[in-house]
Every structure is written in structure tokens, then in C-alpha cells.
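Undergrad: Residue numbers (the UniProt record's numbering): 1 to 115.
It should be emphasised that the hints constitute simulated quantities derived from the structure, not laboratory data.
The structure displayed is predicted, hence computed values, not measured ones.
A couple of the hints might just be wrong.
Derived pair list, reagent style SDA-like, types lysine to any residue, alpha-carbon separation capped at 25 Å [unchecked claim]:
no.	residue 1	residue 2
1	K17	W82
2	K63	E110
3	K97	E110
4	K96	D37
5	K96	W82
6	K63	L13
So the derived label-pair ranges between C-beta atoms look like this [claimed, not checked]:
no.	residue 1	residue 2	range
7	L18	S85	15 to 23 Å
8	S16	G88	20 to 28 Å
9	L56	G33	31 to 39 Å
10	Q31	K63	17 to 25 Å
C-beta: ideal position from N, C-alpha, C; glycine also.
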Amino acid sequence: MIENEYVELLDNLVNSKLTNRKKELCCFSAQEGKDYDNNLMFVGRAVNDWGNVFDLDSIDANKFVNDMFKTISDDDRCPLKWVESSWGDSNDYNTKKSAFWRVIRNISLELSDPI
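Model the full assembly from the supplied sequences, consistent with the hints where possible.
TA: Following this line, the structure appears as C-alpha cells:
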């Protein structure tokens with residue numbers, strides 16, 4: 001299971017000689033929408049404010065990874081439904097203002113539109 005690889009990676013970080021151990025880090029796993037058909041994967045770099053924050057001096061890698069994957073696959077809801085629900089949101093995070101999500105939306109629409 002991929003969860004074991006995350007635990008190993010985090011344990012290696014904890015046991016490393018990194019000097020800035022109080023720096024807030026973020027761990028993230030790739031997510032796929034409910035209707036994903038394995039044709040295309042978009043990869044971004046910044047997971048700003050997506051949660052799963054930790055520092056090396058206080059992390060329990062097993063618990064952290066279990067909690068992280070539980071939030072991704074907790075029920076039958078699409079884990080990326082929030083992207084669509086937040087499109088044009090005026091109170092919270094607005095995916096429509098994100099160049100990343102706009103590009104993904106436009107490419108997805110182009111690929112799903114029969115010519």
C-alpha cells in the first residue's frame with residue numbers, strides 16, 4: 001500500500017539531519033476524481049492551506065498518514081468535488097481565481113467535448 005511508503009518517507013525525514021526542524025511542512029497525496037479514467041494527470045506544486053501540516057519534531061508518522069488517507073477516501077463522495085463547488089465562491093477559496101484550476105478546467109472541457 002502506498003501509505004507504507006509515506007510512513008517510511010516521513011520516518012526518514014524525522015531521522016534526517018535537517019536543521020530547520022520546526023519549519024512547517026505539508027504532506028499530500030495525489031487525488032483522483034470519482035469519474036477519473038486514467039487518461040490524464042495534472043500535477044501542481046503548491047498545496048497552500050490544504051491541511052496535513054506538521055513539523056519534524058512532533059509528527060507521529062503512522063497516525064499522520066492514516067489520518068491523511070482517511071480524509072481522502074472516507075466515503076463515496078468525490079474527493080475533488082470541492083473544486084467544482086468552490087468555482088466562483090465569494091466567501092472562501094475561489095477555484096475560478098486560480099490559474100491552476102482554470103487551466104485544468106479548460107483542458108478537461110476540451111478533452112471531453114466530442115469534435
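Undergrad: Tell me the numbers of any earlier hints that the structure contravenes, in ascending order.
TA: The structure breaks hints 1, 2, 7, 8; every other hint is satisfied.
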